[in-house]
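> Chains as they are written, first to last, in the working numbering: chain A, 1 to 302; chain B, 1 to 245.
One or more hints might be untrue.
What the hints assert, rightly or not - Derived Cβ-Cβ restraints for the label pairs, each shown as a range:
#1 B:GLY126 <-> A:LEU239: 49 to 59 Å
#2 B:ASP110 <-> A:ARG17: 18 to 28 Å
#3 A:SER269 <-> B:GLY108: 39 to 49 Å
#4 A:GLY271 <-> B:ASP110: 16 to 26 Å
#5 A:ARG17 <-> B:GLY108: 17 to 27 Å
#6 A:GLY271 <-> B:LYS132: 42 to 52 Å
#7 B:ALA73 <-> A:SER242: 29 to 39 Å
#8 B:GLY108 <-> A:PHE170: 19 to 29 Å
#9 A:VAL180 <-> B:PRO129: 53 to 63 Å
Hint data in this document are derived by calculation from the structure and do not stem from the laboratory. Note that CB positions come from ideal geometry on N, CA and C, so glycine has one too.
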Amino acid sequence: MMNWLTQHLRALLFSLRRLLATPVANLLNVLVIGLALSLPMGLYVLLQNVQSLADRAVGTPQLSVFMNMGVGKDDIARIGRQLKQSEAVDHIEFVPREQALEQLKRSTGLADVIGGLTQNPLPDAYVVYPKRTDAQTLETLRDEVRKWQKVEHVQLDAAWAHKLESLLKFGRAALLILAVLLSIALVAVTFNTIRLQILTRRDEIEISRLIGATNGFIRRPFLYFGLLQGLLGGIAAWLIISLSLHLLNVGLIELAQLYASNLALFAPSAGDGLALLLFSACLGWLGAWLSVVQHLWRIESK
Amino acid sequence: MISFNQVCKRYPGGYEALKNISFDITEGEMVFVTGHSGAGKSTLLNLIAAIERPTSGSVIVKGQNISTLKGGALPYLRRNLGLVFQDHKLLFDRSVFDNVMLPLDICGFDHRESASRARAALDKVGLLPREKTTPIALSGGEQQRLCIARAIVNRPSILLADEPTGNLDAEYANDIMDIFKSFHQVGVTLLIATHETGAGALLGARTLILKQGELQSTDETTSHSTKLSNIDSQVAAYPAGSGQT
Chain A
1 MMNWLTQHLR ALLFSLRRLL ATPVANLLNV LVIGLALSLP MGLYVLLQNV QSLADRAVGT
61 PQLSVFMNMG VGKDDIARIG RQLKQSEAVD HIEFVPREQA LEQLKRSTGL ADVIGGLTQN
121 PLPDAYVVYP KRTDAQTLET LRDEVRKWQK VEHVQLDAAW AHKLESLLKF GRAALLILAV
181 LLSIALVAVT FNTIRLQILT RRDEIEISRL IGATNGFIRR PFLYFGLLQG LLGGIAAWLI
241 ISLSLHLLNV GLIELAQLYA SNLALFAPSA GDGLALLLFS ACLGWLGAWL SVVQHLWRIE
301 SK
Chain B
1 MISFNQVCKR YPGGYEALKN ISFDITEGEM VFVTGHSGAG KSTLLNLIAA IERPTSGSVI
61 VKGQNISTLK GGALPYLRRN LGLVFQDHKL LFDRSVFDNV MLPLDICGFD HRESASRARA
121 ALDKVGLLPR EKTTPIALSG GEQQRLCIAR AIVNRPSILL ADEPTGNLDA EYANDIMDIF
181 KSFHQVGVTL LIATHETGAG ALLGARTLIL KQGELQSTDE TTSHSTKLSN IDSQVAAYPA
241 GSGQT
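In isolation and in its complexed conformation, chain B is listed as follows:
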């Protein structure tokens, strides 16, 4: 589903955000990316969504090479991705409901079908009673949940979340992790970046650990029990040493 092959990302000025990263994520897998801030987590997610392009190496998402993808094909790739942003990126000039409608409007869905889909997504994150308010009236946790609702309303096959529980207290964070777990159960591929190192282990998911742009290890917890048995072999193909540069 997602495949990194010797990916480097160097910014103008010489700063290397990612160094020689290789890993694979199979369909339906839930994977955590952890590391301190500045370790390259956000860059890694940005490369998948083609918000940034790799300096070298290849990033393959759903069989498409991001580094050679033409500008015109980009929107159609992104429609398959659900993006949950650290800063939510909500539109405050319109209602909660209209925020969730945006991806559907972009795809040009029939209005009635869109509306019922949007309400279903809001219901899923527990915001349906607040659909008419503006996002400014929502708490931090609610805004994050709204961002998730907008990310999933398109029924994407891949969900990328950047620090989805970043500034939230434990209770909200647990709510959100529960939501992610339910997506995992219906077969969505999830990649969640977080600075909390234990989060992945807690949910029994594979964790990629980044340290100063290098992939330290791909921890696979023993409790990782999933319907997809081929994940083990995938992980084994990329041992801890893959981050050497």
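Just chain A, same shape as in the assembly:
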């Protein structure tokens, strides 16, 4: 066990030394890997931002039933009862017009504009939470409520959320394709780096085999090299993304301040970042493994 650990530690140190021996060439490799990874990772971060924005804007699909301006208390109660009796409705929530205005002030950052109004432009409303959230049920319910007296307008809040959802779905598909393509590129970069290393160390490999090196022993330093290179590439990608987000946020915050809002892109979580490092390290390892195994196979079949 000790022996096994020492062997691995030795291979790791050997790879590190090799990495530092040609710093410029290896730095460029790491940068290429970092750039390749930062594209899908950047897109992922962007999608997450949009997703969270969408989640904040709409939770579950719901109907907003806006009543006529100046509707009486009796009518409000009647409409509430009617809604509760409807089979499709789970529960309802009454939003008085004063409360709606207050919410608007807080959430949109348009406090200045609203403060300047002489009277409340918002009607009283019910927010209706349906039992089922499929488009069919929602539309039937909307069409029915629309016909009631004193009901001004029925808004189906889920419609644009659906559109956004399918847009996000499209984005995710694009992300997947990009990630797969660039992962292959990463594997290819590592494959080639390791192939060049193998070529310069062909004598060492041949002699090591002649004096009793196992294939595992020969593979080990190359695998560690691929792993390290992938890991460093992942770190580079993380840095690139963090830096880009920082630069974007400088501009975005300025823009948001003009609208008295606080909008900023958030960075990938530590979990996502670590997943990125793990993923890139694995891909580096895979590229190296393919390269060495192919080389050893060629020697053995000679």
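Here the structure of chain A is known, so what remains is to put chain B in place on it, guided by the hints.
Using the frame of chain A, we list chain B on its own:
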């Protein structure tokens, strides 16, 4: 220790390097293989180290049949063999000391123990003062001695040497033969391929003579006095006629 039984080696294209070779080498024996270049000496050594596989027949080394040996077992067989190559096969990107360390690193020995072993091996071949230089700075004879140091640092039970004195002048050659003699004295089995026909007789060792891939005879010199008395009977079992095809 090493046993050939009706071994043939044919290369693609039909060239037969070895034809129906049979012989035995017992533990602790020193044996020379002579013959002109192209007689099959190197092929014979390569078969023992499983660098090449026989076309037919069996090669048994330390009780393991080389022709059926699995790829995974090969490294462990080779760790028991010390190989001295005609072209030395040294690594010029590292010091003399690191060249000798390589077999020990491969076996995964503790670094401190390896270092003292490597120095002992270098001392044995007289290269300890040069441990920090690179092999490129060594003369031909010194490079050959370095190759020997690397072969013995693992304390192998069998040492295979292919033309160890090939391009060396007489003085260097004698040095190297003295080194081999000292290994023989501590019980290492040696098989030395050389084109110099007299070398074996000079050291009082058995000589296998190869001619165009056939075993001509196993000369046993009368002066062959060794602690292992059973060699005589081994040799007798394979008379001169064994090379007929």
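> Hint by hint, note whether the structure agrees.
So, going through the hints one by one against the coordinates:
Look at GLY126 (chain B) against LEU239 (chain A): about 55 Å separates their beta carbons, and that is inside 49 to 59 Å. A beta carbon spacing of about 20 Å between ASP110 (chain B) and ARG17 (chain A) agrees with the range 18 to 28 Å that was offered as a hint. Look at SER269 (chain A) against GLY108 (chain B): about 41 Å separates their beta carbons, and that is inside 39 to 49 Å. Between GLY271 (chain A) and ASP110 (chain B) the beta carbons are some 40 Å apart, a value that contradicts the proposed interval 16 to 26 Å.
Between ARG17 (chain A) and GLY108 (chain B) the beta carbons are some 19 Å apart, a value that agrees with the proposed interval 17 to 27 Å. The hinted range of 42 to 52 Å is satisfied by GLY271 (chain A) and LYS132 (chain B), whose Cβ atoms lie roughly 50 Å apart. Distance hint check for ALA73 (chain B) and SER242 (chain A): the Cβ-Cβ separation is about 51 Å, which falls outside the suggested range of 29 to 39 Å. Between GLY108 (chain B) and PHE170 (chain A) the C-beta distance comes to about 54 Å, which lies outside the given range of 19 to 29 Å.
For VAL180 (chain A) and PRO129 (chain B), the Cβ-Cβ distance of about 59 Å falls inside the hinted range of 53 to 63 Å, so the restraint holds.
Violation of the numbered hints given earlier is confined to hints 4, 7, 8; the remaining hints are satisfied by the structure.
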